[in-house]
Amino acid sequence: MRWMRRLTAVLVLALLQAGAASAQTVLRIGLNDDPDALDPTISRAYVGRLVFAAFCDKLFDVTPDLKIVPQLATAYEWGVGGRSVLIRLRPGVKFHDGEPFNAEAVRFNIERHLSTPGSFRKSEIGEIKSVDIVNDLTVRFNLAEPLVPLIAALTDRSGMMVSPKAARELGDRFGTRPVCAGPFKFVERVAQGKIVGERFADYWDKANVHVDRIEFVPITDSTARLANLRSGDLQMIERVSPTDLAQIRSDSKLKVVGVAELGYQMLPLNLANGPRGKVLGADPRIRQAIDLAIDRETIIKTVFNNEYIPGNQFVSPVSPYYNAKFPVKRRDVARARQLLREAGHPNLAFTLIVPPERDRQEAALVIQAMLAEAGITMTIQTQENVTMLSAGRKGDFEAYFTFWSGRPDPDGNIFTFTTCNGGQNDSKYCNQDIDGILTKARHEADPAERKKHYDQTTEILLRDLPRLILWHRRVFTGLNAKIQGFTPHPDGIIRLKGLKL
Amino acid sequence: MVLVPTLFFVSVLIFALQQLLPGDAAVALAGEEHDPVAVAAIRHKYHLDRPVPVQYAIWVGRVLRGDFGESMRNKIPVSQLLAAKLPVTVELAVCSMAIALVIGIPAGVIAAVHRGRPIAVAANVLALSGLSVPHFWLGIMLILLFAVHLGWLPASGYVSPWEDVRRNLATIALPSFVLGTGVGGIMMRHTRGAMVETLGADYVRTARAKSVTERMVVLKHALRNALIPVITLGAIEFGRLLSGAVLTEQIFAIPGFGKMLVDGVFNRDYAVVQGVVLVSAGLYVLLNLAGDVLAFLVNPRLRGSA
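In order, the protein sequence lines correspond to chains A and B.
Using this note's numbering, the first residue of the first sequence is number 1, and each one after it goes up by one.
Using this note's numbering, the first residue of the second sequence is number 1, and each one after it goes up by one.
Just to be clear, a hint being listed does not mean it is correct.
What the hints assert, rightly or not - Heads up, incomplete: computed chain A residues facing chain B, CB under 8 Å, no partners named:
(1) S123
(2) T223
(3) R230
Since the hints were made in silico from the structure, they are not lab data.
Heads up, the beta-carbon is just placed ideally off N, CA and C, and yes, glycines get one too.
Model the full assembly from the supplied sequences, consistent with the hints where possible.
The structure is reproduced here in structure tokens:
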């Protein structure tokens, strides 16, 4: 019987140890997908940005009302003519490997973004020609062209600072073991399983970090994700679907908060991208007719339980850059028919490519029915997302159904989509006036003046309609009611500082 | 003998089929970002700008040196991903198979021995339920019952046994049950069929005539013979479990082969897809071989004919 007593003692000890371990505060956040490489330079997926918020601080951050505030920087000043920007850095900041954060580190990071093959940051900060080290805590970015949205770019992955030592050591495997200067230190990643971080003891703002350990758990199925939140296995879930809101709201142990997103859902229309641009590119009145035949409010009510926001511009109605003179038009079928007759296409027919995903499929069906009432035959063709995006690039489409996650600066929502050589201009819309106005807006530091440029852009685009912007989602975050200190941000990224369990 | 040509055939097939997938891998990787320079750099880095046979030759050359390449999406070496996921998938498959055997074989024997009686009908209903209830639905229902309402088990996720045995068993229990009931249903139907056949055979009648106890007749004389097709089937089913259980892994957030493969296909992460398919095919061949060996050991007659 002695062995039984020994076994019992071992088991009791093990349980006690388990109890001690669980005294740590662990925050588990359910993600909709598994992120890509955790390297700010080559990262592409939106979901990765949620994880970076734990590991990698940025030079600047945005507030819930989209004001730019310092993070690893303390201040910035534009130079003469907007051709340079001086950035002062926060003293006493350390990377997770103990290396100091300083001007040299900033230069290394910017040069890494600009020179790494396959860097997706180059297109965001490519105007930076060189970085001068003014002193240990001050840098100057010299620009090829004035670029006011640069500071906004530095609130995202372009502004994330990684440890130069670790980046040199790990090379292109850096994304498997990120070493940055954020509130949590990377511990491990199980692909498709979890990403784990522990509180960084030397964090510059450690008084505001109240969680010991963080785990990001990708669960692609929304029902399973919600069940995990309800069972207490997860404390937070991101991008909650509108159809799951009722369940969360009816559960007193949970709460849900939502905020209008920065981006939009849209139908890019083929105007001149190869021969398939013939129909919808023939006359702007055709596109105006399609636009008038769609009742956005009804789509929002029927498909999204009235949880989203109807939209027609590249910023949502809550943005300071929204042009209030052009609200969403009321549906007008008679006018749509008249425009089609005037354009010589009374029996318009075109194909919309839609990915096999519930939200967009259902909305497409409603749009199809609405257009039919205006005499427009819209065929829905289902194509898996990557196939659809490839078709968009190649011009093998008439219209497709996609979205843009949005950027804090309006430039990020419009420039590359509607300028003649813009990388995301699948419509191949080209209007020199738009190119000129948007370039001026990039050079203009005064927000009131910039707004005038964007108002003008909106007016032109609502006439030319190279793409139909339909609605803005609300980014919903579901959380355990015990969590305190959570403020939703329009970018949907969960800020971990200040969160208490 | 069979392994090498099978794997070669599978590798050519999977490489060729992937090329038929519409959509560009580099565009898939870029996602929302569209910078053409960065996309071209990705294409070059992963040799996507080379002709398909050259891409295949590069890949095979590396695999022969033990290098499966790296995931284009998360930069983790495929061999490391396989090494991390193989134990998870094997554990899930073993536990599911154990549940399937515990349910399937006794239920099959009972259904055959007590043909026409209520207990046999009950065993049949059990087997058919296991077969016909969709895994997806059963999984969600079990999560709601055991995790949300009762709070006995975690809703999903996976904890390695080296980290915490108790939590490992807790996380693996529900998914194993879901998969096990499905396979158990198939095993039960086959065991029953084989048992009915053997119980009617001459040697069984002879055994009974020799006053061998019924228990001995069923378990020693009949079941041992009836198990041969069941073992072969078990090996095939086990192989299927090892190639990943997509839906079950998805619902329970188990980082196994199935999830890795599906994510790989959707992201056009070629190296990952090729790695998983190759290892799964290898396991499948080995398991079939193991099934044959096991059948050979269980049944003395096969030994004589060899």
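To see whether the hints hold, each was checked on the structure:
1. Taking 8 Å as the C-beta contact cut-off toward chain B, the hint placing A:S123 at the interface holds, the least distance being around 4 Å.
2. Given the 8 Å rule on beta carbons, the hint for A:T223 holds: about 6 Å separates it from the nearest Cβ of chain B.
3. A cut of 8 Å between beta carbons decides the hint on A:R230: the least distance to chain B is about 5 Å, and the hint holds.
Figure legend: structure checked against the earlier numbered hints; every hint is met.
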